[in-house]
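Taking the hints into account, I'd like the entire structure generated from these sequences.
2 protein chains.
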Amino acid sequence: MILSQRIQSLTASPIRKLSPYADAAKAAGKKVYHLNIGQPDIATPAQFMDSVREFQAPVIAYSNSKGEMFLLKAIQKYYAEKGMDYAIEDIFVTNGGSEALIFAVMALCDPGDEIMVFEPFYANYTTFCKEFGAKINAVPTSVENGYHLPSEEEIEKHITPKTKAILLTNPGNPTGVVYTEEEQDMISRIVRKHNLALIADEVYREFVYDGAYHSFGTMPELDDNLIIIDSVSKRYSACGARIGCIISKNKELSKQVIKCCQARLCSPILEQVGAAALYTTPASYLEEVNKEYKNRRDTIVAALKKLPGVKASDPKGAFYIMVNMPVDDAEKFAIWTLENFAIDGETVMFAPGNGFYNTPGSGVNEARLAYVLKSEDLERAIYILGEALKAYPGRVEK
Amino acid sequence: MILSQRIQSLTASPIRKLSPYADAAKAAGKKVYHLNIGQPDIATPAQFMDSVREFQAPVIAYSNSKGEMFLLKAIQKYYAEKGMDYAIEDIFVTNGGSEALIFAVMALCDPGDEIMVFEPFYANYTTFCKEFGAKINAVPTSVENGYHLPSEEEIEKHITPKTKAILLTNPGNPTGVVYTEEEQDMISRIVRKHNLALIADEVYREFVYDGAYHSFGTMPELDDNLIIIDSVSKRYSACGARIGCIISKNKELSKQVIKCCQARLCSPILEQVGAAALYTTPASYLEEVNKEYKNRRDTIVAALKKLPGVKASDPKGAFYIMVNMPVDDAEKFAIWTLENFAIDGETVMFAPGNGFYNTPGSGVNEARLAYVLKSEDLERAIYILGEALKAYPGRVEK
Numbered sequence: 001m002i003l004s005q006r007i008q009s010l011t012a013s014p015i016r017k018l019s020p021y022a023d024a025a026k027a028a029g030k031k032v033y034h035l036n037i038g039q040p041d042i043a044t045p046a047q048f049m050d051s052v053r054e055f056q057a058p059v060i061a062y063s064n065s066k067g068e069m070f071l072l073k074a075i076q077k078y079y080a081e082k083g084m085d086y087a088i089e090d091i092f093v094t095n096g097g098s099e100a101l102i103f104a105v106m107a108l109c110d111p112g113d114e115i116m117v118f119e120p121f122y123a124n125y126t127t128f129c130k131e132f133g134a135k136i137n138a139v140p141t142s143v144e145n146g147y148h149l150p151s152e153e154e155i156e157k158h159i160t161p162k163t164k165a166i167l168l169t170n171p172g173n174p175t176g177v178v179y180t181e182e183e184q185d186m187i188s189r190i191v192r193k194h195n196l197a198l199i200a201d202e203v204y205r206e207f208v209y210d211g212a213y214h215s216f217g218t219m220p221e222l223d224d225n226l227i228i229i230d231s232v233s234k235r236y237s238a239c240g241a242r243i244g245c246i247i248s249k250n251k252e253l254s255k256q257v258i259k260c261c262q263a264r265l266c267s268p269i270l271e272q273v274g275a276a277a278l279y280t281t282p283a284s285y286l287e288e289v290n291k292e293y294k295n296r297r298d299t300i301v302a303a304l305k306k307l308p309g310v311k312a313s314d315p316k317g318a319f320y321i322m323v324n325m326p327v328d329d330a331e332k333f334a335i336w337t338l339e340n341f342a343i344d345g346e347t348v349m350f351a352p353g354n355g356f357y358n359t360p361g362s363g364v365n366e367a368r369l370a371y372v373l374k375s376e377d378l379e380r381a382i383y384i385l386g387e388a389l390k391a392y393p394g395r396v397e398k
Numbered sequence: 001m002i003l004s005q006r007i008q009s010l011t012a013s014p015i016r017k018l019s020p021y022a023d024a025a026k027a028a029g030k031k032v033y034h035l036n037i038g039q040p041d042i043a044t045p046a047q048f049m050d051s052v053r054e055f056q057a058p059v060i061a062y063s064n065s066k067g068e069m070f071l072l073k074a075i076q077k078y079y080a081e082k083g084m085d086y087a088i089e090d091i092f093v094t095n096g097g098s099e100a101l102i103f104a105v106m107a108l109c110d111p112g113d114e115i116m117v118f119e120p121f122y123a124n125y126t127t128f129c130k131e132f133g134a135k136i137n138a139v140p141t142s143v144e145n146g147y148h149l150p151s152e153e154e155i156e157k158h159i160t161p162k163t164k165a166i167l168l169t170n171p172g173n174p175t176g177v178v179y180t181e182e183e184q185d186m187i188s189r190i191v192r193k194h195n196l197a198l199i200a201d202e203v204y205r206e207f208v209y210d211g212a213y214h215s216f217g218t219m220p221e222l223d224d225n226l227i228i229i230d231s232v233s234k235r236y237s238a239c240g241a242r243i244g245c246i247i248s249k250n251k252e253l254s255k256q257v258i259k260c261c262q263a264r265l266c267s268p269i270l271e272q273v274g275a276a277a278l279y280t281t282p283a284s285y286l287e288e289v290n291k292e293y294k295n296r297r298d299t300i301v302a303a304l305k306k307l308p309g310v311k312a313s314d315p316k317g318a319f320y321i322m323v324n325m326p327v328d329d330a331e332k333f334a335i336w337t338l339e340n341f342a343i344d345g346e347t348v349m350f351a352p353g354n355g356f357y358n359t360p361g362s363g364v365n366e367a368r369l370a371y372v373l374k375s376e377d378l379e380r381a382i383y384i385l386g387e388a389l390k391a392y393p394g395r396v397e398k
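Chains R and Y, in that order, give the protein sequences. Note that full-length UniProt numbering has the first sequence beginning at 1, numbered continuously upward. Note that full-length UniProt numbering has the second sequence beginning at 1, numbered continuously upward.
Think of the hints as simulated: they come from the structure by calculation, not from any bench. Hints may be right or wrong, so weigh each one.
Listed next, the stretches of chain R that the computed footprint assigns to chain Y, with coverage defined by at least 3 CB atoms under 8 Å from CB atoms of chain Y [unchecked claim]:
1. 2 to 14
2. 41 to 52
3. 256 to 265
4. 305 to 316
5. 327 to 341
For lysine to any residue, the following SDA-like pairs were computed, each having C-alpha atoms within a straight-line distance of at most 25 Å [stated by the list, open to error]:
6. K255/R with P20/Y
7. K255/R with K255/Y
8. K332/R with K255/Y
9. K251/Y with Q5/R
10. K255/Y with K77/R
11. K255/Y with F70/Y
12. K135/Y with I2/R
13. K255/Y with L10/R
14. K251/Y with A12/R
15. K374/Y with K255/R
16. K311/R with V364/R
17. K193/R with L3/Y
18. K135/R with S4/Y
19. K291/Y with P58/R
20. K17/R with T11/Y
21. K26/Y with P58/R
22. K157/Y with S4/R
23. K255/R with A24/Y
24. K162/Y with S9/R
25. K251/Y with E292/R
26. K17/R with F70/Y
27. K135/Y with S4/R
28. K17/Y with E68/R
29. K332/Y with I258/R
30. K31/R with P20/Y
31. K251/R with S19/Y
32. K26/R with I88/Y
33. K193/R with I2/Y
34. K135/R with G133/Y
35. K31/Y with V59/R
36. K17/Y with I88/R
37. K306/Y with D377/Y
38. K73/Y with I2/R
39. K26/Y with A57/R
Backbone N, C-alpha and C fix where the C-beta goes; we use that ideal spot for every residue, glycine too.
Written out as structure tokens, the structure is:
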């Protein structure tokens with residue numbers, strides 16, 4: 001058989017590609033602090049398994065292609081409580097936020113079309129685009145201005161006739177940036193002026209630490225342009241459930257997305273049952289979790305400040321921080337740390353930064369750290385990172 | 001926003017597109033016998049929910065991108081017992097057979113490339129191809145020769161430089177055909193001669209009624225060409241679990257498919273737990289189910305023989321039968337039956353045949369019937385179908 005150029009052009013996930021090195025380190029008896037992957041350690045609310053255990057059906061049958069009504073209603077209610085009124089017809093349950101993104105790319109892009117992102121950005125956006133022959137149109141942002149957006153003029157300069165959408169993660173992964181209302185207004189003006197879709201990946205919506213959050217879904221002027229990507233994965237620490245959704249008030253879009261849903265038949269039923277129950281979790285759960293992550297954010301920011309030569313962003317949301325390190329190559333450093341470094345048998349793993357950039361050569365000395373560990377473990381992990389930086393033969397003083 | 005040509009070119013599922021008419025019939029108080037969808041009524045083995053209920057984990061975390069080891073091993077063991085030895089590295093767990101098909105298309109086709117199928121064929125193959133800009137290259141078969149394959153010469157005539165794979169469903173959906181060993185040898189020669197992939201969709205493998213089944217996986221000469229599509233959906237009456245797999249000994253392919261797996265992160269964990277338990281179901285379960293479907297097959301074939309002007313295939317496997325009916329248009333007839341016909345408040349729904357063909361104008365007076373109901377219900381449903389045929393204003397005598 002002859003394999004497609006398409007699949008050969010895909011790159012391995014920067015978050016997972018060093019896993020074999022971590023496995024080897026563990027096999028050699030090392031403890032590895034995982035800062036590479038956004039897998040929260042917070043317990044999933046008991047409602048999830050409680051409702052699954054109660055599920056009774058003689059036949060595990062196909063469910064509704066766009067999601068079971070009990071889950072659609074749970075999602076609708078969650079949004080209504082945030083002041084966003086969506087009809088059941090506007091909501092489509094997907095296999096995680098991943099499939100919601102896939103449906104958005106499919107709906108908007110023919111081969112050669114472009115989706116604008118602000119780099120650094122979530123690496124799988126590139127994969128989902130490449131799978132469908134679409135291209136990433138990456139507009140740079142930098143640690144110096146906290147990964148906030150460039151000016152309206154600068155963004156418009158990057159728009160081409162092939163640009164079909166702007167895809168934003170807010171709060172940001174990997175940057176932790178939370179856009180200001182002014183930035184959101186600017187994006188709104190741009191997408192409306194150029195008749196673009198705005199794909200708003202808001203899966204980290206509940207993780208905002210320094211002020212209120214303002215969903216793009218609360219901006220009625222965007223109704224025709226907006227596609228919201230959402231998921232229970234991070235919100236309720238249920239990444240393994242793979243339940244997300246795509247939401248839009250654009251009726252033409254909804255008419256098309258249902259065809260994608262029908263082709264893959266349906267989302268898994270048990271996870272839909274569990275996910276619907278998650279939405280009944282009392283608000284206090286999210287408040288507690290938010291407090292815990294804020295604390296972790298403060299811990300990791302303070303710990304990183306102590307490391308000479310390390311420059312970090314000041315994340316306002318999500319649970320990631322991008323760091324610029326005094327190394328020749330963060331990927332080499334990551335492998336070296338797993339293979340050659342330990343303190344009392346413990347080492348650390350992080351995601352090399354280059355995988356979050358589209359522009360060749362960018363992010364080479366950067367890394368994404370996920371602060372998904374308890375504060376004491378985070379302090380220990382950053383201490384180990386600092387000592388590794390001192391010992392690493394490829395250290396570069398700037 | 002501007003929608004893609006891609007998504008606008010997708011067609012609604014022939015199996016599901018008439019659902020609004022069925023819903024309306026039910027709302028009006030009619031009972032509808034569903035022969036339109038391959039949703040078995042057989043109880044899912046208790047092992048599924050039993051194992052799910054026992055699942056204990058504080059965090060519903062991401063699982064392995066290519067599937068959890070316990071499920072990979074369960075699949076491996078199932079194949080080994082059938083004389084097919086696959087390494088764990090050869091097996092990738094997917095979100096149903098649907099995602100396995102999607103990965104196969106992605107791995108083999110760039111835009112404009114072709115996948116050869118024998119029509120009539122499972123309608124979503126077209127959707128999965130269109131999603132990736134690939135084309136269906138449909139070779140006709142007919143009810144007259146039981147939907148068996150054309151000659152080697154005839155098949156080779158259809159191969160073009162763009163043909164990357166032959167995709168076969170065996171046993172067939174919607175035809176119920178089971179290919180002979182001679183046909184399988186012929187296909188093997190063709191794919192090896194032309195360096196094509198052979199995508200063998202064998203999800204109905206356990207449903208064969210008149211003799212032994214011979215998987216393409218038992219033909220070692222095909223190791224480099226073969227991609228097996230499999231699923232627990234039909235085998236264990238667990239369609240809603242959405243657990244399938246893609247299997248191949250082609251190492252170049254495996255190296256690529258893992259990237260698709262990683263991009264969408266993982267399959268849902270609870271359903272993997274349940275699916276692994278399904279593979280521990282005693283062989284007697286599948287034997288009983290097989291006996292039940294054989295009985296239903298005999299029932300529906302006998303019942304259809306009584307209907308004047310109806311020509312049906314003689315299905316040897318799966319649980320579908322294609323019928324040629326004396327009507328102007330099977331889709332119009334299907335809608336008319338749901339809207340205007342009932343006997344004692346009961347009516348019947350089936351899938352119009354044109355959706356299973358790629359060639360325009362084909363299958364217009366055909367329908368796919370799924371024999372997934374108890375024999376007495378099947379007899380009743382076919383009786384209603386026969387009476388509807390008598391009363392239908394668009395009846396055409398041939």
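Practice problem: Provide an ascending list of the numbers of those earlier hints which the structure does not satisfy. | Solution: Hints 4, 5, 7, 10, 15, 20, 25, 30 and 38 not satisfied by this model.
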